[in-house]
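Engineer: Protein sequence lines correspond, in order, to chains R and P.
Going left to right, the first sequence walks through residues 1 to 554 as our numbering numbers them.
Going left to right, the second sequence walks through residues 1 to 320 as our numbering numbers them.
Treat the hints with care, since some could be wrong.
Unchecked claim - Now the in silico label distances, taken between C-beta atoms and shown as ranges:
no., chain 1, residue 1, chain 2, residue 2, range
1, P, 48, R, 161, 56 to 64 Å
2, P, 26, R, 14, 29 to 37 Å
3, R, 70, P, 105, 26 to 34 Å
4, P, 33, R, 110, 36 to 44 Å
5, R, 158, P, 86, 29 to 37 Å
6, R, 52, P, 13, 53 to 61 Å
7, R, 19, P, 232, 37 to 45 Å
These are computed hints drawn from the structure, not numbers from a lab.
Note that CB positions come from ideal geometry on N, CA and C, so glycine has one too.
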Amino acid sequence: MARPRGATMNLPIVVPPVRGESTPGYAVRLAEANVWDDAASMFKDMGKGIFIHQLKSLGMLKNSLMELTELPLTELSINDDKFSALYYDDARCFKNLRALTPRVCPRCIKESCTLQDCWELHGIDMCLKHNVSLVSKCPNCQCSLDWHSSLLQGECNHCHSNLEQSTPLEAPPVYLTKLLKHGPKKQKLLLRDLFLCSQRITRPFDSMLENYERPNRDVSWAKYLEDAYELLSNKEYFLSWINALYSNRNHLKILGRRAILLPAMELIDNLYLDWPITKIALPHMPANPEIAFELNEVSSPYANIRPSRLLGAPSNKSLQSQTDIYGVARVIGLTKGNPVTKAVAYQLITPTNQAKVSRNSIFDLSTISADFKAISTLTPYDGPQLKPLSHYHPIWPLFNSTGLDMLNYIKNGKLPGSINSSMSSFLGSFEPQIFSLFRCLHLQLHKIQNEELTLNQARKIMGISWNDAQALIEENILNYTTDGRGTKNLVKGEDVIRALRTWVFLPRVCKIHGLNRTTVRLQLEKLEISPVISTNIYTKNLRIMTAIQQLIKS
Amino acid sequence: MIIRRPTTLAFLKKRFRYPQMNNIQKAIEKAHKSYGLKAKALMICARSGCGKTETVLSYMDKYNKQYTATHKIGPILYIGLSEKITPNGIITLIYNELGIKKSSNETERCGKLALILKRLNIELIIIDEIQHVLPEHTHAKTQECADFFKSFMDKTKIPFVFVGTPKSTRLLHIFKVPKTKAGNLKDHSPKDKLAIAEKEEEQLLHRTRKPVHIKPFAHNSIAWTKILESFQQIIGVPCIKLSHEETALRCWLASKGFLKRMANFLEEAIEEVEEDQQITLSDLADAYDDLNNFNPESFGNPFTLEPHELNKWLGLEVQP
């Protein structure tokens, strides 16, 4: 379409992206077509921000290019099935794998006049086609190359000398030789595995694999990739690492072998290809791991490496036992029925970095193991069976009682309960056991006597819906006030206790005793007992209590 | 938001051709043909309201439409100058028309502009309101602008079409005045300037075709009757016959033969007329009363005067 007069700014000359071309390289070619010397000037003049900042996010860069060219995103993403797909991987460890300054193969440039996608990938420091090193500095003036249009002619943007002048041929490292043997599809998977493993190399005893920190941009990946290839393909090398794991994570043994071997398990489970190490069966947790594991003779490749984040944070031993939500779920044996959110809600475990559970939550296995150690010597309880823990949710957290408090109550003999001695799973050993939360709640109810609760808290304690709470307010059973900011409805704790003593809240009763609410309501109707307020609130008297007791027994 | 009636908006969007337009467009075409080798500019001069901008835009649209399917930008560019314009400002306006901004020094911007115009196959640049480069508008930048047009035309081989008021032809006679040792043009005395003028040749004159002047339509010309018939066709609402001898005369006296003024009266009448009603002399008279700010000492409202008064007025208007 011809541009109408006064239309918005976008480039008059649009060249289509070429297959195999990198996105920043396309920006350079676009700038050259529209007579800019470099992509940075084009972005600056066209009001698209600072090019070097946009380079850090390919998504942002593509959005800017979309606006400049009016090309659809699909056309700008024609190379996403190749190496650049790695940059879009969900896992954070695949971020920052691209070099932010250009690296070129002068021979390819002469042939195609485009900047290739694969040249940007850290760790691949050579042209896979011509077997020559990629040039990132001018061989003549030693200046770093820039995203300048002169690159498209294979010239240095500073001294305009030919970049091909002194490109040395060199033998590629082993992992690149391996890479060259495969087709593009397998190359991508192989690179993915190598980068994943190189994360492990940089922080060997850390349970976190890929979900928290971004790798530092200045990491020299070539060395790590070489080590990663060694770790993935050499069984002995891998086993010596396992050995080092045992000695470094021994303080977590109370949580089971999964806690100790978590870094190795995470690595193996996340690999895409079949490597020699994927065939290794990790040893079962012995009674005493230091004796049962017999690879102590092999020296660990990481014995002298201190754990450190790629971001260059100071080395900290506590990082060794940190893990993410997947790691903690694995260690304490959480399943779909018992997600991490639930364990956090019961305050059995607590994230170290934020209150809510998210993909970025970090858990400290050292703390969890210390807590568990404190309660592991409790004596089994053999009293009457009570309701499982999950039935008391969500009333429990409102009374500031953690799951560990519960276990301490049991330990001190204040509450009935028991701990499974198998210790195969922290939560597994805890939740199936029966103990009385209900008694604990009664013990703690008096705490709210002189407190002001939000209407939501009061509603949850009484186990009623918003409509029922509204009905109680209309009947002046609950008196509410607003807080200083006028945003929250506050209810007096004594009103709540009085209401619990005076009224029967059917949803609460049914939830605690595991009854079907409709059935109970029908039974009560038969006995000519009707709700007084709303459809769920009955007057507390002998008749209704007897009826409910009979229903529980039946 | 208050907007005009749909009929008014439809009227404003419509265009029509008139006999003079063809002649001017032929002249533009001749300048256009000079693209690529010894490009020659064209100056189109007319008083405001004669339809010069409409004429060049019509020419541009005719050529650019052929490129709409494949090109973002057609081969003809149109820019309108504003007051206090400088050569750098003209370059910026051309860049803006291309849809890009470019920041660097003037020489580089000019060089890059020539390159991108070549890549975009631009064949003609129309510069409207060229009178803004004259001294009273640009504070002694006229010569620089003339130099710019000359050198840019030489460099790109792209002809310019300058559109402006009659006095714009002065641009063609601007001569190059060398700077004094102090580097200040103003230091030359008038006598020196005259001496220099005798030595130097006008920069643009030899690269320009003969200027084309557009004059307002005469009251008794066939062209004026045809113009009114064309207005009648595009007006979009019932209207008295404008080309009727007496009404045509009233229209001419009201507009003095300027298309823009006539279009303004009709626009006002369309906007104000009752729905489904015919535009009458009374509506036109109201429009004249509301819009006549260019003829304050007239004899009255030409749409309400008696016929004999019209002739009297006409006699005075056409007096030599």
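Engineer: It remains to establish, for every hint, whether it holds in the given structure.
Structural biologist: Hint check:
no., hint, in the structure
1, 48/P / 161/R: 56 to 64 Å, "holds (58 Å)"
2, 26/P / 14/R: 29 to 37 Å, "holds (35 Å)"
3, 70/R / 105/P: 26 to 34 Å, "holds (30 Å)"
4, 33/P / 110/R: 36 to 44 Å, "holds (41 Å)"
5, 158/R / 86/P: 29 to 37 Å, "holds (33 Å)"
6, 52/R / 13/P: 53 to 61 Å, "violated (46 Å)"
7, 19/R / 232/P: 37 to 45 Å, "violated (60 Å)"
Checked against the numbered hints given earlier, this structure breaks hints 6, 7; the rest are met.
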